[in-house]
Amino acid sequence: MGLGRSAPGVGQDLIDTIESVYRAESRRVLATLIRLLGDFDLAEEALQEAFAAAVEKWPAEGIPSNPRAWLVSTGRFKAIDRLRRSQREVSDEHDVPQAAAEYKEVADDELRLIFTCCHPALSPDAQVALTLREVCGLTTEEIARAFLTTAPTVAQRIVRAKGKIKGAGIPYEVPALSDLPERLDAVLRVVYLVFNEGYRFRHDLSGEAIRLGHLLAELLPDPEVLGLLALMLLHDSRRAARLSAEGDIVLLEEQDRSLWDHAEIAEGVALVERALASRRVGPYLLQAAIAAVHADAGDSTKTDWNEIVGLYDVLLRMDPSPVVELNRAAAIAMRDGPAAGLALMDAILARGDLTDYNHAHSARGELLRRLKRLGEASEAYKRALQLVTQDAERRFLERRLESLQQPLDR
Amino acid sequence: MKYLCLIYQEEKQEANVPRDVIQKAKSDFWAFTEDIKKTGNYVGSHGLQHTDTATTVRVRNGKLSTTDGPFAETKEQLGGYFLIDAKDLNEAIVIAARIPSAKWGSVEVRPVWDKTS
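Chains F and B, in that order, give the protein sequences.
For what it's worth, numbering that gives the first Met the number 0 labels the leading residue of the first sequence as 0, then goes sequentially.
For what it's worth, numbering that gives the first Met the number 0 labels the leading residue of the second sequence as 0, then goes sequentially.
Chain F on its own, in the form it takes in the complex (with noise of 0.2 Å):
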């Protein structure tokens, strides 16, 4: 956590509380900062200073009534201060604070650190990392573990790329709308990797891309933000039942719906149906009707697998890949028997474009092994198991390996 000291003598209540304070607005007062003061840096140091200036003086004076207010104008201050001493200019004239409008644009300055983030002139990776860390907060190191990189990779990279904002001039705003539709592409693809790198590993990433698709809706209602938005909350809504007691993966087909979180599938649904009714439909808006028509169904026999099938046929001619083609094949398997599947899956995999992509394998797996072909089933299961890096992937892989050798339950 960035406030890594308690001042003695500061009861642990108010550490606490400071902590929350910390969790829940130092994000949002980096993004006004930077606007403020124009530099990432700066604003960085005058935050930690801010919270620096909180554990001090809140004690005695309690907790100001708007805090994220405080924490701006005591960080603009003590920025603006530095840069004065440093200049040599001695002045005793303290900054009044701007007045409460400014502190308005605290989601717009959200929005500008987001687009500023993911800025195309940023390679991609760059743009990921410095978004995981200016705007949702995380460590080099915590980046680096969710990107299967290095720490002082991950630093060079955000260096690299503050860099580029300063001396190449990228401005610090959300853009025109006539640019709007290219600049989003990039900002969704970054809060989408950041929502799938925590659905697998970490609540709190998804948590933090959820957040984030809030934002984005409230101020650019456009389908495609809408379709992410509800995309992610239809996948969260899984959470409780998508690994079992043990931690291990249950598939949809077998997950107790019960646990499902019915309030995030009735936001989710409702804004698919919103971005649906303006008849502009893009990949992210169809992978949510997907998961919505999944959502709906009461047990996983009353899928509309017709529905599916439709759905993904569009996805695929807007946007094909491979790992969409692989999908269809599923649920054509699920729609039409297991035998039809197969027969699309070895063809992608005979082109030669997933090979070694461990869901294909396993997904194949799965067919032959619903058509008793365990001889197959198991090779293919084993192929899987070369390929994945996931331990609860790697023991579900096994455990489907296993249950090859006992008779078919179902």
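If you're looking for bench data, these hints aren't it; they were derived computationally from the structure.
Computed from a predicted model, the values in this text were never measured in an experiment.
Accuracy of the hints is not assured; some may be wrong.
When the alpha-carbon atoms are kept at most 20 Å apart in a straight line, the in silico PhoX-like pairs for lysine-lysine are as follows [said to hold, decoys possible]:
1. B:Lys114 to B:Lys1
2. B:Lys114 to F:Lys165
3. B:Lys114 to F:Lys163
4. F:Lys163 to B:Lys1
5. F:Lys165 to B:Lys86
6. F:Lys165 to B:Lys1
Some chain B residues flagged as far from chain F (calculated, every beta-carbon gap over 12 Å) [stated by the list, open to error]:
7. Gln22
8. Glu33
9. Gly61
10. Lys102
C-beta atoms are modelled at their ideal positions from N, C-alpha and C, and glycine is treated no differently.
Here the structure of chain F is known, so what remains is to put chain B in place on it, guided by the hints.
What follows is chain B alone, placed relative to chain F:
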């Protein structure tokens, strides 16, 4: 801020371009230049002769060496530049995208060092 827009294109392809297309490109460049002069974004520009007229110069240990041709063999060659004044990178990108040759070649946008920094 000032940005140097470096214009790259394939010299080899130029031989295959019909006359009227070249004429059109010339008048497009002229119109673009007039346009950014009016908006105050224009600082300067030049077109360059082909790389077969280029000479690369190095001094090593006080010894001058000259070699025929450009510094690096690349698919696209530097063919000219526009020096522009823009509010920020976004404006520079919008202007660079309007350079006619962006449609067939590429434009590298480089911020110029500010003398005060």
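Item to complete: Please confirm whether Gly61 of chain B is truly not at the interface, meaning its C-beta sits more than 12 Å away from all C-beta atoms of chain F.
Response: holds (33 Å)
Worksheet item: Was Glu33 of chain B rightly flagged as not at the interface, with every chain F Cβ beyond 12 Å?
Response: holds (23 Å)
Worksheet item: When you check the alpha-carbon spacing of Lys114 of chain B and Lys163 of chain F, does it fall within 20 Å?
Response: Roughly 18 Å between the alpha carbons, so the hint for Lys114 of chain B and Lys163 of chain F holds.
Practice prompt. Could you grab the alpha-carbon distance between Lys114 of chain B and Lys1 of chain B and see if it respects the 20 Å cut-off?
Written response: Holds - the C-alpha atoms of Lys1 of chain B and Lys114 of chain B are around 11 Å apart, at most 20 Å.
Fill in: Assertion that Lys102 of chain B lies outside the chain F interface [Cβ separation over 12 Å]
About 17 Å separates Lys102 of chain B from the closest Cβ of chain F, which puts it past 12 Å; holds.
Worksheet item: Would the pair Lys163 of chain F and Lys1 of chain B pass a check requiring their Cα atoms to be no farther apart than 20 Å?
Response: Status holds; Cα separation ~15 Å.
Discussion item. Between the alpha carbons of Lys165 of chain F and Lys1 of chain B, is the straight-line distance 20 Å or under?
Written reply: Status holds; Cα separation ~14 Å.
Practice prompt. Please work out if Lys165 of chain F and Lys86 of chain B have their alpha carbons no farther apart than 20 Å.
Written response: holds (13 Å)
Worksheet item: Given the hint that Lys114 of chain B pairs with Lys165 of chain F, does the C-alpha gap stay at or below 20 Å?
Response: holds (15 Å)
Worksheet entry | Minimum Cβ distance from Gln22 of chain B to chain F greater than 12 Å, as the annotation requires | holds (31 Å)
When each numbered hint is compared with the structure, no violation occurs for any of them.
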